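> Spelled out, the chains give:
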Amino acid sequence: MIFRELWSITGEVVQALLPLVIFFLLFQFFYARRPWSFVRQVLTGTALAAAGLILFLLGVQVGFLPAGEEMGAALAGLDRPFLLMGLGFAFGLLATIAEPAVWVLCGQVERASGGYIPEKLILIVLSLGVGVFVALGMGRVSLGWPLYYLLLPGYILAIILIFFSNPTFIAVAFDAGAVVTGPMIVTFVMALVLGVAGAIEGRDPVLDGFGLVAMVALAPILAVLILGFFFKEKE
Amino acid sequence: MIKQGQEILKETAMAILPITFFVIFLQLFFLELPLATLGRFLGGVALVAAGLFLFLLGVRVGLLALGEMVGSEMLQRGNIFTILLITFALGVAVTVAEPGVQVLALNVDTATGGEISHTLLVGVVGLSLGIFMALAVLRIFLGISMGYILAIGYTVIIILSFFVPAHFVPISFDAGGVTTGPMTVPFILSIGLGVTSVLPRRSTVGDSFGLMGLASLGPVLGLMLLGVMQG
Numbered sequence: 052m053i054f055r056e057l058w059s060i061t062g063e064v065v066q067a068l069l070p071l072v073i074f075f076l077l078f079q080f081f082y083a084r085r086p087w088s089f090v091r092q093v094l095t096g097t098a099l100a101a102a103g104l105i106l107f108l109l110g111v112q113v114g115f116l117p118a119g120e121e122m123g124a125a126l127a128g129l130d131r132p133f134l135l136m137g138l139g140f141a142f143g144l145l146a147t148i149a150e151p152a153v154w155v156l157c158g159q160v161e162r163a164s165g166g167y168i169p170e171k172l173i174l175i176v177l178s179l180g181v182g183v184f185v186a187l188g189m190g191r192v193s194l195g196w197p198l199y200y201l202l203l204p205g206y207i208l209a210i211i212l213i214f215f216s217n218p219t220f221i222a223v224a225f226d227a228g229a230v231v232t233g234p235m236i237v238t239f240v241m242a243l244v245l246g247v248a249g250a251i252e253g254r255d256p257v258l259d260g261f262g263l264v265a266m267v268a269l270a271p272i273l274a275v276l277i278l279g280f281f282f283k284e285k286e
Numbered sequence: 007m008i009k010q011g012q013e014i015l016k017e018t019a020m021a022i023l024p025i026t027f028f029v030i031f032l033q034l035f036f037l038e039l040p041l042a043t044l045g046r047f048l049g050g051v052a053l054v055a056a057g058l059f060l061f062l063l064g065v066r067v068g069l070l071a072l073g074e075m076v077g078s079e080m081l082q083r084g085n086i087f088t089i090l091l092i093t094f095a096l097g098v099a100v101t102v103a104e105p106g107v108q109v110l111a112l113n114v115d116t117a118t119g120g121e122i123s124h125t126l127l128v129g130v131v132g133l134s135l136g137i138f139m140a141l142a143v144l145r146i147f148l149g150i151s152m153g154y155i156l157a158i159g160y161t162v163i164i165i166l167s168f169f170v171p172a173h174f175v176p177i178s179f180d181a182g183g184v185t186t187g188p189m190t191v192p193f194i195l196s197i198g199l200g201v202t203s204v205l206p207r208r209s210t211v212g213d214s215f216g217l218m219g220l221a222s223l224g225p226v227l228g229l230m231l232l233g234v235m236q237g
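Residue numbers (the working numbering), protein chains in the order written: chain A, 52 to 286; chain B, 7 to 237.
Chain A with its partners taken away, still in its complex shape (with noise of 0.2 angstroms):
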């Protein structure tokens, strides 16, 4: 069984992966001319990190999916909404610090800065908004809010605090919005809501489903625009 979700992970990173490559190898004959060196070098990156993702998602598939979707489910039987609420809180945050994606942004963000903004720093507050917002999305399946309640005034809180946010930081936010949405969120921490969600009577686990991911993405937006606000003031 683990070698046809092998199988399947690796066709769909090959498929991610192809046109990057077609593109490199075409920009590279036609336009840049780098020496052999340097193509070899992009190419070995790039055989490596799909190495790696493969293996990444194939842990979050067989390992990470069916714990969450068990933990889920047996933690909704507490019927403590605040308790899962803080679990919520917990997991939002150790899966964000686990996604592969943002520690890459995490590391360009300090090195763009020439260590101005530490890569900790982003790290852990985008972490801790994310882990705001599962809180809040356990919140919503235990107790039924309507999702246009935290989605909208979100958006427009994110729209205001641009116009007192640091530039970099607001450059940074919505990129963060972009990058948090990776496999470990997506795929694990779905995974919990949604065992949350099955296991309580009358909760549409699609519906659900489908504004958990707008609510990540909104974290990282606010949580670095607040960052931001305070940076400002310490110049």
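Source of the hints: derived by calculation from the structure; they are not laboratory data. Treat the hints with caution; some may be incorrect.
[To be verified] With a cut-off of at most 20 angstroms between alpha-carbon atoms, the simulated SDA-like pairs for lysine to any residue come out as follows:
| hint | chain 1 | residue 1 | chain 2 | residue 2 |
| --- | --- | --- | --- | --- |
| 1 | A | Lys171 | B | Pro24 |
| 2 | B | Lys16 | A | Gly166 |
| 3 | B | Lys9 | B | Arg66 |
| 4 | B | Lys16 | B | Ala52 |
| 5 | B | Lys9 | A | Arg162 |
| 6 | B | Lys9 | A | Glu170 |
| 7 | A | Lys171 | B | Glu13 |
| 8 | B | Lys16 | A | Arg162 |
| 9 | A | Lys171 | A | Val183 |
| 10 | A | Lys171 | B | Leu23 |
| 11 | B | Lys9 | B | Val67 |
| 12 | B | Lys16 | A | Ile175 |
| 13 | A | Lys171 | A | Ala141 |
| 14 | B | Lys9 | A | Gly166 |
| 15 | B | Lys9 | A | Gln92 |
| 16 | A | Lys171 | A | Glu161 |
| 17 | B | Lys9 | A | Glu161 |
| 18 | B | Lys9 | B | Met20 |
| 19 | A | Lys171 | B | Ala52 |
| 20 | A | Lys171 | A | Leu273 |
| 21 | A | Lys171 | B | Glu17 |
| 22 | A | Lys171 | B | Leu15 |
| 23 | B | Lys9 | B | Ala71 |
| 24 | A | Lys171 | B | Gln12 |
| 25 | A | Lys171 | A | Phe280 |
| 26 | A | Lys171 | B | Gln10 |
| 27 | B | Lys9 | B | Ala56 |
| 28 | B | Lys9 | A | Thr95 |
| 29 | B | Lys9 | B | Ala19 |
| 30 | A | Lys171 | B | Ile14 |
| 31 | A | Lys171 | B | Gly11 |
If you're wondering where the values come from, they're calculated on a predicted model, not measured in any experiment.
For this one, chain A is given, so just place chain B on it according to the hints.
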């Protein structure tokens, strides 16, 4: 190389160990997961850790260099029209190939009973992301503040959300999130850094980022417009 490896090993441990210990902690005090599930979880942890290590290594060895090369060469050699065209084509290709987009398209096709077909969704998402990625590069080039574009974009989205059929709203927002998978993030991220590294004017840190944030605005707007037209 060895020093880099140690650094990445440390990062991998910091990324994976907290969630692992938390699950074990819950299992010891609160949960009674079957041992088979716990065993598979621990096997998953080993795979995820090995995978993250290789991924971060590969990103640092090759993927970042690739994006920075494309970003800087594009700006040095091409005119602005060619640059926008290349960025647009790249955005479309990367999105259409992204597994997350294909999964969303299939789910939506099924959930709407074919009202929004697989091809239509992938087409709209790919084109709108391509357009916005080209706009994002144009923004870096012209030095327009990111804040204005985002504020206008999200205001339009909020207004549109009142005119779009209700089931379109979550689908549209999700489409913005799934278009950038872990493979494309390092690449697109470093294109921004490459472009700003050769910019004729003085650039700021804010110039290098925002490519993905702006690009992911595209699919949300694109799908909402589709919803207005169909509704």
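> It remains to establish, for every hint, whether it holds in the given structure.
Right, here's what the structure says about each hint:
1. A:Lys171 x B:Pro24: Holds: Lys171 (chain A) and Pro24 (chain B) sit about 15 angstroms apart, inside 20 angstroms.
2. B:Lys16 x A:Gly166: Cα-Cα ~19 angstroms, so holds.
3. B:Lys9 x B:Arg66: holds (13 angstroms)
4. B:Lys16 x B:Ala52: holds (15 angstroms)
5. B:Lys9 x A:Arg162: holds (17 angstroms)
6. B:Lys9 x A:Glu170: With a Cα-Cα distance of about 18 angstroms, the restraint between Lys9 (chain B) and Glu170 (chain A) holds, given a limit of 20 angstroms.
7. A:Lys171 x B:Glu13: holds (14 angstroms)
8. B:Lys16 x A:Arg162: Holds. Lys16 (chain B) to Arg162 (chain A) sits at ~18 angstroms (cutoff 20 angstroms).
9. A:Lys171 x A:Val183: holds (18 angstroms)
10. A:Lys171 x B:Leu23: holds (16 angstroms)
11. B:Lys9 x B:Val67: holds (13 angstroms)
12. B:Lys16 x A:Ile175: Satisfied, since the Cα-Cα distance of roughly 16 angstroms is no more than 20 angstroms.
13. A:Lys171 x A:Ala141: holds (18 angstroms)
14. B:Lys9 x A:Gly166: holds (19 angstroms)
15. B:Lys9 x A:Gln92: holds (18 angstroms)
16. A:Lys171 x A:Glu161: holds (9 angstroms)
17. B:Lys9 x A:Glu161: holds (18 angstroms)
18. B:Lys9 x B:Met20: holds (17 angstroms)
19. A:Lys171 x B:Ala52: violated (24 angstroms)
20. A:Lys171 x A:Leu273: Given pair Lys171 (chain A), Leu273 (chain A) holds - Cα atoms ~18 angstroms apart, limit 20 angstroms.
21. A:Lys171 x B:Glu17: holds (10 angstroms)
22. A:Lys171 x B:Leu15: holds (16 angstroms)
23. B:Lys9 x B:Ala71: Holds, because 19 angstroms separates the two Cα atoms, which is no more than 20 angstroms.
24. A:Lys171 x B:Gln12: holds (17 angstroms)
25. A:Lys171 x A:Phe280: Answer holds: Lys171 (chain A) to Phe280 (chain A) is near 18 angstroms, not above 20 angstroms.
26. A:Lys171 x B:Gln10: Cα-Cα ~17 angstroms, so holds.
27. B:Lys9 x B:Ala56: holds (18 angstroms)
28. B:Lys9 x A:Thr95: holds (19 angstroms)
29. B:Lys9 x B:Ala19: The hint holds at about 16 angstroms.
30. A:Lys171 x B:Ile14: holds (14 angstroms)
31. A:Lys171 x B:Gly11: holds (19 angstroms)
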